[in-house]
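All chains, please: the whole structure from these sequences, using the hints.
Going down the list, the sequences are from chains A and B. Throughout the first sequence, residue numbering follows our numbering, covering 88 to 350 in sequence. Throughout the second sequence, residue numbering follows our numbering, covering 39 to 346 in sequence.
No wet-lab data here; the hints were simulated from the structure. From a predicted model like this one, the values you see are computed outputs, not experimental measurements. Beta carbons: idealized from backbone N, C-alpha and C, even for Gly. Be aware that one or more of the hints could be misleading.
A short list of chain B residues far from chain A (calculated; beta carbon distances all over 12 Å) [stated by the list, open to error]:
#1 67
#2 157
#3 190
One-sided excerpt, in silico: chain A residues whose CB lies under 10 Å from chain B [to be verified]:
#4 150
#5 179
#6 197
#7 210
#8 215
#9 216
Residue-level listing of the chains:
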Amino acid sequence: MTMPADPGTAPMPLVKARNVHKSFDRLEVLKGMDLDVAPGEVVVVLGPSGSGKSTFLRCLNNLESIDRGSIQIDGEQIGYQLRGQRLHKLSARAAARQRRRIGMVFQQFNLYPHLTVLQNVIEAPVGVHGRSRPDAEREALALLARVGLSDKVDSYPRQLSGGQQQRVAIARALAIKPKLMLFDEPTSALDPELVGEVLSTMRDLAEQGLTMIVVTHEIGFAREAADRVIFMDGGTVVEQGKPADILMNPQHARTRAFLSRFI
Amino acid sequence: MTAAARRPAMSVPDDSGELSLRDVARAHQPIRYGYWLLWLASVAVLLKFAWIVASNKNFEWGVVAKWLTAESILRGLAVTLGLAASSMVIGIALGLLLAVARMSSNNLLRLLSGLYIWVFRGTPLLVQLVFWYNLSMLFPVISLGIPFGPDLVSWNANDLITPLTAAIAGLSLNEAAYMAEIIRGGLLSVDPGQHETAKAFSMTRARALRRIIIPQAMRSIIPPTGNQLISMIKATSLVSVIAMGDLLYSVQAVYNRTFEVIPLLLVAVAWYLLVTSILNAVQSVIESYYARGEKGVSAPASHPLASA
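Encoded structure:
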């Protein structure tokens, strides 16, 4: 049984996922995911490995196509177009265009190694969104200042620590002015002492009203920055609610078992 | 005697004398006699060998010097370089298309590309050159049209096929097959996370390839491509069988007349070696361009790993 979203949030959800199923060959990873995310909401997704959290995140921006169900972001169906009464699959070009306002931060940072930090950040704005180079550079410098990396603009990713690389990745995702930011275990590949700087950057973004869906194991971040916490297991949502409720007072045995490892 | 008394005092060790004796920074640096002896011996042997070759009358160095910059030789060299350059350019361009086709999700493209690579890698270059040259014998008229239907445009094969076009066609189409596999290997070597990230930032496949994937693949593509280019310089000598006057053909034309086989071959060797050396240097420059951003390459203004 899932708990309903907080009634105080905006009526029109930014993300509307219904009955999402996804299989890889014979293995069904998502077995009917339902999720609503309101604009400006910060949702943290917890769950054991294999629960399908990363897969679900990657279905939201169509990096993986879903087998059943539907995902709508800002009123637009992801991957498909409704013409009359029939759904038609989008061409690769149209599907790419849908991803324009969805930013993503990956566990392995995935910065472009052959480009400098500044070039990494302006690559999508200039190349995909058609912004002029001077404008994009100005905005990029502002973003890099915001994440505290003004002195690294001409460095190559390889010369940065993991925490710095991830902050560049966050700036790079913010540069496309996203409506929705997806974070796929952003601190899991970092040394413990570097986790803090990335989490504090993410907390700032949360406070500024960015809509974020964060898959993470960082319970502290969930407690401090999340508007809603979702516990996933076996490809579905087991329970969801306010951080204080889920983390302090989980209703399901599976949630309790998972959280007992952290608390 | 108590245990404390038996144990040596740890608080203020007075071993400054001991430390200066045992500091490894002051260790004796041995002279590697064996290493330097080997160097000396190798240099001596090489010098002696060079001297033997240089003073050997049988090489006829005078003849080599005479023909090294002769006009017919230089013309042959120009043909070799021109053929190699144009065939490599066409071969790389076509090879890139084949590689992308070979990796596409479109099964038909994959199959056609694979078929091409199989045919052109599976048959000897010499045979391919002979076939192209003799195409007019097999297909007197070449036409484009609807299969099993009417022809839209046709040419007389004799007009299309000259030794030059046959040479370029043979060399470049063969090269494309090898370049396709080299490029495909390079594309595969790029971290899959890069493909995914480019996709997540809504780049189309073409843009992702052009801006993100191929620049990173270049590091793996350049060394084998350099190999291919150097091989091509020498493979052009095969066109002598279809009566194209490349460097080797010109050299053979002279020694068939004067019977000075070894000196003339040395002329060819000298030119091939010079061109290859220049290409080596160019390859190094190109490789260091594509290696920017990698470990060990010169750093920009900011200090690496300084905490933000």
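Evaluation of the provided hints:
1. 67: The assertion about residue 67 of chain B holds, with a minimum of 34 Å to chain A.
2. 157: Since the minimum Cβ distance to chain A is about 30 Å, residue 157 of chain B lies beyond 12 Å and the statement holds.
3. 190: Nearest chain A Cβ is 30 Å from residue 190 of chain B, so the label holds.
4. 150: 6 Å, holds
5. 179: 7 Å, holds
6. 197: This hint holds: residue 197 of chain A lies near chain B, its Cβ roughly 4 Å from the closest one there, short of 10 Å.
7. 210: 7 Å, holds
8. 215: Hint on residue 215 of chain A: holds, closest Cβ of chain B at ~5 Å, below 10 Å.
9. 216: Status holds, d = 9 Å.
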